[in-house]
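Novice: Order-wise, the sequence lines are chains A and B.
Quick note on numbering that gives the first Met the number 0: the first sequence kicks off at 0 and runs consecutively.
Quick note on numbering that gives the first Met the number 0: the second sequence kicks off at 0 and runs consecutively.
Think of the hints as simulated: they come from the structure by calculation, not from any bench.
Be a bit skeptical, because a hint or two may be false.
[Claimed, not checked] Example chain A residues on the side facing chain B (calculated, C-beta under 10 Å, incomplete):
1. Arg49
2. Gly53
3. Leu54
4. Ala86
5. Arg89
6. Gln104
Every residue, glycine too, gets a C-beta built ideally from N, C-alpha and C.
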Amino acid sequence: MRGPMQAVATKLKGRRGDSVLFEDIDFTIARGEALVITGPNGAGKSTLLRILAGLLAADSGEFSLRDHDGTELPVSDFAHYLGHRNAMKRELRVQENLSFWKSFQRSDSGEGMDVDEAIDLVGLTGVAHLPFGYLSAGQQRRIALARLLVSYRPLWLLDEPTAALDKRSDRLFADLVSRHLAAGGLAIAATHQPLGLENVRSLELSGIHSAASGESWT
Amino acid sequence: MMALLRRDLAIATRSGGAAMLGVLFFLAVVAVIPFGIGPDLNLLARIGPAILWIGALLASLLGLDRLFQADREDGSLDMLVMQDWVTLVLTVFVKSLAHWLATGLPLVLAAPLLGLLMNMSATATGAVMLTLLVGTPAISFIGAVGAAVAVVLPRGGLLVSILILPLAIPILIFGVSAAYAAVTDPDPFLPPFMILSAIALFFAALGPVAAAAALRGASD
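Given these sequences and hints, build the entire structure.
Specialist: This is how it looks when you write it as structure tokens:
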């Protein structure tokens with residue numbers, strides 16, 4: 000099975016406009032490990048995750064996924080990103096949404112789950128034929144989590160994954176993540192909720208912003 | 000990529016989809032012209048191809064701003080942008096193609112009906128259909144660039160039209176002149192039609208690359 004052995008961040012620095020949100024972020028996580036990013040609102044948790052996903056450019060520093068022999072793997076092919084929004088179309092049925100992502104986010108690092116199986120696993124058996132827009136906010140979030148299951152990618156980047164979830168679904172989410180880790184995956188999550196997982200490292204962003212030195216907008 | 004095409008077509012044709020909106024707008028624009036101009040059949044036949052083309056151009060611009068914005072609002076755009084460069088360009092190409100199939104192709108198919116309203120001959124109607132068939136994809140492909148540039152703006156609709164209109168003018172000019180050349184005798188049909196085809200191919204190649212670059216730059 001092809002897949003990254005570790006995710007390495009070196010001296011990451013991110014900023015929003017003129018203020019530096021964080022700098023000198025270093026971490027290394029290996030297979031089966033998770034990293035939880037905590038910090039007050041506005042500390043840059045989402046920005047950090049978007050930088051890791053490659054959606055934003057880091058001010059300096061770099062993040063890479065490495066194979067067991069040290070070759071770099073493209074994050075875009077080996078990572079799932081779950082943002083604040085669910086990436087599902089309200090007009091389409093749950094089944095259609097998930098099968099679309101299943102074939103669109105094909106990966107060569109492993110087999111994804113069947114769509115129905117993934118829906119069962121997030122505890123929503125029987126909603127496959129409903130339009131996504133009919134579901135409640137919590138159910139929508141769970142279907143968004145099911146997207147991570149239908150195509151296998153080793154690294155999960157999760158931004159507030161448990162938003163809108165109730166207590167029971169929180170546990171369900173923790174189970175999903177630990178299953179993923181047990182199968183040799185990696186996860187980086189920004190969340191306020193304790194995940195109840197073993198093998199979890201944590202990274203706290205202070206939320207103290209400093210003004211960017213050097214060039215400013217002129 | 001077939002999955003993306005199928006998904007976008009499904010969304011466009013479901014309730015609240017953009018597919019019918021363009022055709023209805025096209026219909027409305029062209030149908031009011033005879034009432035405004037008056038019952039001068041010769042005049043209507045003469046201006047018919049131009050009116051049809053203008054109507055089709057405006058109708059294609061109508062839904063363009065939603066091309067990427069709908070995906071941005073529900074978060075899908077992140078997943079689309081999170082791909083390597085070549086796949087992203089291909090994704091934009093497929094999305095533009097789906098947009099054309101859902102909004103441009105119906106305009107081509109509606110053209111003969113509206114040709115009747117404009118008292119156009121069969122040849123003229125055929126020529127308009129053929130030029131629209133080649134010209135409307137060009138509008139969708141270059142429109143993708145405008146849609147990508149304006150994707151972060153909440154009310155980017157008008158901006159997209161204004162950005163795209165100057166680039167769409169050559170399409171209009173050569174489309175209309177080819178359609179006229181088919182019915183007015185000494186003018187050759189082929190040269191303007193060839194130029195129109197060339198513009199369409201050029202935009203099909205350039206549009207997705209430029210739009211992909213804009214999407215990469217716009218992510219926040």
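Novice: All hints are to be evaluated individually against the structure, with a verdict given for each.
Specialist: Hints, verified against the model:
1. A cut of 10 Å between beta carbons decides the hint on Arg49 of chain A: the least distance to chain B is about 8 Å, and the hint holds.
2. Here the hint on Gly53 of chain A is kept, as its CB sits about 6 Å from the closest CB of chain B, short of 10 Å.
3. About 5 Å separates the beta-carbon of Leu54 of chain A from the nearest beta-carbon of chain B, less than 10 Å, and the hint is met.
4. The interface hint given for Ala86 of chain A holds, since its Cβ lies 4 Å from the closest Cβ of chain B, which is under the 10 Å cut-off.
5. Because the closest C-beta pair between Arg89 of chain A and chain B is about 7 Å apart, less than 10 Å, the hint holds.
6. Because the smallest distance between the Cβ of Gln104 of chain A and any Cβ of chain B comes to about 7 Å, under 10 Å, the interface hint for this residue holds.
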